Amino acid sequence: MRIQYLGVKEVTGSLIVLEGVKNASYEEMVDITLNTGEKRVGRVIEIKDDIAIVQVFEGTTGISSSNTRTDFSGKALELPLSKEILGRTFDGLGRPIDGLGEIVADVKWDINGNPINPMARKYPRDYIQTGISAIDGLTTLIRGQKLPVFSGNGLPHDQLAVQIVRQAKITAETTDDNFAVVFAAMGVKNDVADYFIRSFKESGVIQKVVMYLNLANDPVVERIVTPRCALTAAEYLAFEKNMHVLVILTDMTTYCEALREISSSKGEIPSRKGFPGYTYSDLASLYERAGMLSDREGSITQIPILTMPNDDITHPVPDLTGYITEGQVVLDRGLHQKGIYPPIVVLPSLSRLMKDGIGEGYTRADHPQVANQLFASYAHVQEVKALASVIGEDELSQIDQLYMKFGKLFEEKFVAQSQDENRVMYSTLDLGWTLLGVLPREELDRMDDELLDKHYVAYNG
Amino acid sequence: MEQKGYIAGVNGPVVTVRGSDQFNMLEMVYVGNEKLIGEVIRIVDEDRIIQVYESTTGLKVDEPVYSSNKPMSLMLGPGIIGGVVDGIQRPLVKIMEESGVFIGRGIATEALDIEKEWTVHITVKEGDQLEGGQIYAVVQETELIEHRVMLEPETSGVVRTVKPDGEYKVKDVVVEIEDRFGVIIPLTLCQYWPVRKPRPFSKRRRLSQPLVTGQRVIDALFPIAKGGAAAIPGGFGTGKTMTQHQLAKWCDADIIVYIGCGERGNEITEVLEEFPKLIDPKSGRPLMDRTVLIANTSNMPVAAREASIYTGVTIAEYYRDMGYHVAIMADSTSRWAEALREISGRLEEMPAEEGFPAYLPSRLSQFYERAGYMDNLNGSEGSVSIIGAVSPQGGDFSEPVTQNTKRFVRCFWALDRDLAYSRHYPAINWLNSYSEYMDDLEAWYEEHLDKDFMGTRRKIASLLQEESKLMDIVKLVGADILPEEQKLVLEIAKLVRVGFLQQNAFHDVDTYVPIEKQYMMMKIILYCYKVSSEIVTSGIPISQIRKTGLFEEIVKIKYDYGNEEEDIQRMSGLYEKIDVELTKLKDSYKNFERKHS
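Protein chains in written order, with the working numbering: chain A, 132 to 592; chain B, 172 to 768.
One chain only, chain B, in its complex shape:
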């Protein structure tokens, strides 16, 4: 390793290096005798300012700094899925082998297991012309995921030699190509890609498919499209992480990249314990077989927290290029923004709002714009959806990170403290949240579900709106004064809230609900509303309807009926039941009136 400079100053994670004009912007460097990993983030005359991804305690002036001659890059190849890495793609298992239960410093380790042998099938033959992004080998990475090894985007050439199918390690050469200058390029099972550079694609598509999550309030009211971006803002204790976990478990993406960015250590441990045990409903395989975890907890170095977001999105793009649908859960983007602020403060940059740097909005937009549904270079199609949690200070949505995030996402799931206090989970407030993807997805819902889905959804949404208006009155004068029709609105809206929007993540059946059942539930509630309002207009008080026990039965649909097709079929029996019960009620009332008239 060639020494290129020496340390001239240390301030937290920011180190000034002097003695060389050769370090490039964003180059990865090794700092000090312990070779801590760092990245050049600014060049001022002779000085190179470096952010160090590990604790800088004990660094001295005049210690050497070594160059790596490459930008901060990720190693992309089989073995990523199922792994747990820190913000700069170092596997935590390897770190544990090196330094025990506490994370030590200066641990240089390969990002992938280079000793493991993979069963490789080569898909090209000699003489084939290979363009950037094209697949030349496939590896069964986990039982769920076939890893398609691709040529790096900006290279091309003619295949000259091909190894036979068989067992190979990540760094073994399996194919050689000759580019147009006659240079032979050996291809292994892995490639390197700079973490801050978006991977190229051929065309961005219009979003038209939903990312089905099995969460009723999301799928039915505020859906997100595959390739879309959503934000989940909420104060502490409102269930951001819980919602993210639910999405990571149940959404219908092929691959999940979960970024624990500056959050709790125990939460990562929970995912690690839980995901291998949870079975994916579609494939019957453990969820860990489709999950990548990036864990940079709040007590790990702050600069690596800043990098973890880019590490996650780059891995996601790599799998998108293979033709997969990838969903990123970034928990939490506020911690990432704070890492930016901290580094910016150490660099003595001029702050904008609340101490955040002026480039916060542009960084946020760069991140969220890496989401999308793409035609890839190799002709396949894939998507990256980004779901970012936001932790606003004091639960106040007017702070800079929430506000700027709102500008770059089209789906906003606002978590509400009052709902969380009354243990209404998921605590997504139906009045503040929105999804702009609704119109894009209309065609899909009509084709795959029912023509009337959108209409049903709108009716449910307007019921909730009306309830909130009525509640303003109730808060002042009490519910007794309302006319019966409006009392019925309150009663039905309560059914929607308790029976439909509340979803129990710990209940085996309720934790994931297929969209067909969601639709059926909405229809039954609306049918009940329709029939009941006929009864109410005929002068029968609501308390009588309440006595039939129908409302309780509807609230418990979520537990009483399973998620299989025959269960959903069985649910249509409820229409009849509603009819029977309410006709009975009407008849008994008629008899009653006859007797007394």
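In isolation and in its complexed conformation, chain A is listed as follows:
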């Protein structure tokens, strides 16, 4: 028999404290009924003797010390799952909000998941062609990778994510049957969510998308649960149904702010910028849910999007993310203002898994060296630019002038492309060679002669 607890002892922020509780278990779900009949859900976040501290997802507005009845469910938050979830829309707690009724569940999974045993992983090696040169050529996305987009407010990260989804689906061996997108929105604006939905519809993937939406005006605490719901659904599709799943999580900064808010209302000791000391572990418990398993077909590829407050890459959220994810794609305001789309600044961008997924047998034999040379040459362009800003462009040596020209062309021809331009891998690499032709052959010190003989053509134009 379940016991219902009347009233609460204390209310702080989104937390309520119950006294005299028997048999509460750590992290179990509770149902709270207000005397108006309104139902809310919460989760036990600390127990001490007969006191249970419960976090209320919908907030504590309207709760007083006597007007609630609380039931303990005895279970952690579980998500009902079946293949029916494709094409459906849920709220941040995994409840359907599209009016199509409840999911008939094949299975119910704990949203916290369990860590993947590293022995059971398969090392990701197959690249995903996104059709975007800056990504394909220089920060190649690999199936099973977690590659975040570091952006800033007002930069076109949403457009980039949509373009990746649209163009990634039609390549390699993914077919319509085994491709799915899981989209989790945490505290994003209504119109941003709208933009994603509209774009998914236009590109015809909407039937393959599962959406978990916690919008900017939805309860903050719910945000902690939203990505976990999404990743549980992704794990189900990838590892039970053998699908290739692309997960988009936006915006991780808002997620971390929710984490901070809850932490401070619990009175925890903060570390950097007020974020709790376990932010790293918490983020890892999300990001590490990407990957492939050696005995399954499916894969989870994650593209988390985060906005760097004040464009600061050393802010704790991008910083901790970068330590966990396998690289990052960084967007830059300077490029954006020059009108370059996508404004990917390649030097701080990186794909850690790229080294094993490109080259002979994967993309093309010259890919590693071309990428390396483009990075090295473009890095030198930055030095030349710094010098030019002091002594003026005209005073530069002849070779440095060529570097300036290379840098300009690189940004305008290689990085920039239109939102519906889908470049295949070969043309991205050939474009790389064309641009390297601007520089004299002796300057290309990251390539061996054999490749240069085969591909190097001096640029004229």
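Fair warning: there could be bad hints in the mix.
Claimed, not checked - To give an idea of the interface, some chain A residues facing chain B are shown, with a C-beta separation under 7 Å as derived from the structure:
| # | residue |
| --- | --- |
| 1 | 148 |
| 2 | 150 |
| 3 | 154 |
| 4 | 179 |
| 5 | 248 |
| 6 | 400 |
| 7 | 409 |
| 8 | 411 |
| 9 | 419 |
| 10 | 424 |
| 11 | 450 |
| 12 | 455 |
| 13 | 510 |
| 14 | 518 |
| 15 | 521 |
| 16 | 528 |
Said to hold, decoys possible - 25 Å max Cα-Cα, derived DSS-like pairs, lysine-lysine:
| # | chain 1 | residue 1 | chain 2 | residue 2 |
| --- | --- | --- | --- | --- |
| 17 | B | 727 | A | 253 |
| 18 | B | 622 | B | 701 |
| 19 | A | 153 | B | 231 |
| 20 | A | 397 | A | 206 |
| 21 | B | 231 | A | 397 |
| 22 | A | 206 | A | 179 |
| 23 | A | 214 | A | 170 |
| 24 | B | 231 | A | 179 |
| 25 | A | 486 | B | 448 |
| 26 | B | 665 | B | 718 |
| 27 | A | 516 | A | 536 |
| 28 | B | 718 | A | 536 |
| 29 | A | 516 | B | 665 |
| 30 | B | 658 | B | 757 |
| 31 | A | 536 | B | 646 |
| 32 | A | 536 | B | 231 |
| 33 | A | 585 | B | 727 |
| 34 | B | 646 | A | 539 |
| 35 | A | 153 | A | 206 |
| 36 | B | 718 | A | 585 |
| 37 | B | 694 | B | 748 |
| 38 | B | 206 | B | 231 |
| 39 | A | 206 | B | 231 |
| 40 | A | 486 | B | 727 |
Note that these hints are calculated values from the structure, not bench results. In this text, all values refer to a predicted model and were calculated from it rather than measured experimentally. Glycine included, every Cβ here is placed at the ideal spot set by N, Cα and C.
Since the structure of chain A is already known, use the hints to place chain B on it.
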């Protein structure tokens, strides 16, 4: 199993237990109905505070807690090498057998395979006096490693019975000794040792041998000694893990203990896929035959992450006691420090800098001081070298973990974001890095390589220093304004950077370079510098030297010449080539001047 208490509170990995005053500090306990593994970390009146090494979701007040009557210990015996274990020495393969691809909870498993039969040779006979640390049996653990089974350090006695050589399992009794009280102690192939207690040794030695890594920037500029400690700090994407992998692959230690502490799952998978395929250049055997992997990835429970560092160093000390040189790669010690911080926060301890507990420096020093070159109890000598990666927040080296680590290591390989951005790998910044072992190792280099090694190294280092000074000027006014001599310095320093310091981990030849070739490369660069500066002082512009193609040839030495002795011999042909080319240049200039005068 005897129940000794019940749960009174749960907060993350920290559980309060009541109802017993018998749990000891640092005792291992089993928590709840699922018997999750935990450790007593604090005692307050009646309460025992326990950190649990698994996820605590679902634990209830009043669930039982069982005692194990022993501290958190490791099982040390044959079968450790080649294994992959989590932070508390549970083999991941066994966990997979029990719970599938996801790691479940409450899995109790033996750390070693107790069913496997080993071929054992007993090295003692009846009547022998056996002291702590002495070897009584040997087992060929892998083709590379002979496992020497030792008596536990604090016991001794006279051998009473000895089994014949043959096949035995880890827990079979092979020898019995009688101690001085007349008690018979059975000895198996394994022993238990508390994970937080350093293993004893008889004497610490002065460090005098380098840990040769085959990485040029390390061996030539910032070497580490066998038994030393080094830190690799760097922001994300600067190549900490890559450097650690390179060291694990190529350094000349006998055994590698690789601790993946709070890092990526895929990185562990990469090591698991790659190491069995890679062949050790010295022995011709797969690298996995000398490697132990401790994998506690970032999404595995945080308390076990804290323990993983100690698990690694204890295993390393155990093999040191057998007389091996062991190198530990700890990637990353920052995650370990964060685990300390997280637990400390849950205990509501007063924080020091940035929320880290006040005992962070003392924990770090305890860890790094377990490195050393020792005379062991049994008369053999062995070493433990520790190489710890540090992941400073925001890439800022002034944060507490980096700063405190710096105090306890003598070798500092600072990774640099700008170098990494321009794909200069390994991105070890030659201006911020240092090694205090240089003086200790001087004698070794002179004896094993050449008298002039240190001088050569110093010249290379000062070239780089000079370049950085000149670059400050160049950044303001451009390189054209510099006199030719200084332009030559820039040109030669570029040779050093591109041709020597940059090393390609993915190139078959370049990934590992013997120290003889490193020395030869440095000498050729310096010779080229010497001859070129004579030419420059005689008034011939650098652009003419550049046209000879010598510089490109020197840059490509690393690819064009192999690592065998005859390749290195062949390299001395380059001296001649430099002479010939530059004399030709000088002569053509003389003719030119004659014609025009």
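Evaluation of the provided hints:
Hint status for residue 148 of chain A relative to chain B: violated, with the closest Cβ pair at about 13 Å, above 7 Å. A cut of 7 Å between beta carbons decides the hint on residue 150 of chain A: the least distance to chain B is about 13 Å, and the hint is violated. Against a cut-off of 7 Å between C-beta atoms, the interface hint on residue 154 of chain A holds, since the closest Cβ of chain B lies about 6 Å away. Taken as an interface hint, residue 179 of chain A checks out: its beta carbon lies about 4 Å from the nearest beta carbon of chain B, inside 7 Å.
Restraint check, residue 248 of chain A versus chain B: the minimum CB separation of about 5 Å is within 7 Å; hint holds. Against a cut-off of 7 Å between C-beta atoms, the interface hint on residue 400 of chain A holds, since the closest Cβ of chain B lies about 5 Å away. A least Cβ separation of about 5 Å between residue 409 of chain A and chain B falls short of the 7 Å threshold, and the interface hint therefore holds. Annotation: interface hint on residue 411 of chain A holds; nearest CB of chain B at approximately 6 Å, less than 7 Å.
Evaluation of the residue 419 of chain A hint against chain B yields a held restraint, the C-beta minimum of about 4 Å falling below 7 Å. Taken as an interface hint, residue 424 of chain A checks out: its beta carbon lies about 5 Å from the nearest beta carbon of chain B, inside 7 Å. Nearest Cβ of chain B to the Cβ of residue 450 of chain A: about 5 Å, under the 7 Å cut. The hint holds. With its C-beta approaching chain B no nearer than about 6 Å, residue 455 of chain A sits inside the 7 Å limit, and its interface hint holds.
Look at residue 510 of chain A: its Cβ gets to within about 3 Å of chain B, closer than 7 Å, so that hint holds up. Taken as an interface hint, residue 518 of chain A checks out: its beta carbon lies about 6 Å from the nearest beta carbon of chain B, inside 7 Å. Below 7 Å, beta-carbon pairs count as interface contacts, and residue 521 of chain A has one with chain B at about 6 Å; its hint therefore holds. The beta carbon of residue 528 of chain A is positioned within 7 Å of a beta carbon in chain B (closest approach about 6 Å), and the interface hint is therefore held.
Between the alpha carbons of residue 727 of chain B and residue 253 of chain A the distance comes to roughly 36 Å, so the proposed pair goes past 25 Å and is violated. Of the pairs offered as hints, the one joining residue 622 of chain B and residue 701 of chain B holds, with about 19 Å between alpha carbons and a cut-off of 25 Å not exceeded. Our distance criterion of 25 Å between C-alpha atoms is met by residue 153 of chain A and residue 231 of chain B, whose separation comes to about 9 Å. Our distance criterion of 25 Å between C-alpha atoms is met by residue 397 of chain A and residue 206 of chain A, whose separation comes to about 22 Å.
For the suggested pair residue 231 of chain B and residue 397 of chain A, the alpha carbons sit about 20 Å apart, so the restraint of at most 25 Å is met. Using a Cα cut-off of 25 Å, the hinted pair residue 206 of chain A and residue 179 of chain A holds, with the two alpha carbons roughly 18 Å apart. About 28 Å separates the Cα atoms of residue 214 of chain A and residue 170 of chain A, which puts this hinted pair outside 25 Å; it is violated. Between residue 231 of chain B and residue 179 of chain A the CA atoms are separated by roughly 10 Å; this keeps the pair inside 25 Å, and the hint holds.
At roughly 17 Å between alpha-carbon atoms, residue 486 of chain A and residue 448 of chain B fall within 25 Å of each other, so this suggested pair holds. Pair hint residue 665 of chain B plus residue 718 of chain B holds up; C-alpha atoms about 16 Å apart against a cutoff of 25 Å. A distance of roughly 11 Å separates the Cα atoms of residue 516 of chain A and residue 536 of chain A; the hinted pair therefore holds under the 25 Å criterion. Of the supplied pair hints, the one linking residue 718 of chain B and residue 536 of chain A holds, its CA atoms being roughly 24 Å apart against a limit of 25 Å.
A distance of roughly 20 Å separates the Cα atoms of residue 516 of chain A and residue 665 of chain B; the hinted pair therefore holds under the 25 Å criterion. Between residue 658 of chain B and residue 757 of chain B, the direct Cα distance comes to roughly 19 Å. Compliance with the 25 Å bound is thereby established for this hinted pair. At most 25 Å may separate the alpha-carbon atoms for a hinted pair to count; residue 536 of chain A and residue 646 of chain B meet this at roughly 19 Å. Distance restraint check for residue 536 of chain A and residue 231 of chain B: the Cα-Cα separation of roughly 67 Å exceeds the 25 Å cut-off, and the hinted pair is therefore not satisfied.
Of the pairs offered as hints, the one joining residue 585 of chain A and residue 727 of chain B holds, with about 19 Å between alpha carbons and a cut-off of 25 Å not exceeded. Distance restraint check for residue 646 of chain B and residue 539 of chain A: the Cα-Cα separation of roughly 20 Å lies within the 25 Å cut-off, and the hinted pair is therefore satisfied. With a CA separation close to 15 Å, the supplied pair residue 153 of chain A and residue 206 of chain A stays within the 25 Å bound. Restraint check for residue 718 of chain B and residue 585 of chain A: the C-alpha separation of about 23 Å stays at or below 25 Å, so the hint holds.
A threshold of 25 Å between alpha carbons decides the hint, and for residue 694 of chain B with residue 748 of chain B the separation of about 14 Å falls inside it, so the pair holds. Between the alpha carbons of residue 206 of chain B and residue 231 of chain B the distance comes to roughly 13 Å, so the proposed pair stays at or under 25 Å and holds. Our distance criterion of 25 Å between C-alpha atoms is met by residue 206 of chain A and residue 231 of chain B, whose separation comes to about 12 Å. Pair hint residue 486 of chain A plus residue 727 of chain B holds up; C-alpha atoms about 22 Å apart against a cutoff of 25 Å.
Comparing the model with each earlier hint shows violations of hints 1, 2, 17, 23 and 32; every other hint is respected.
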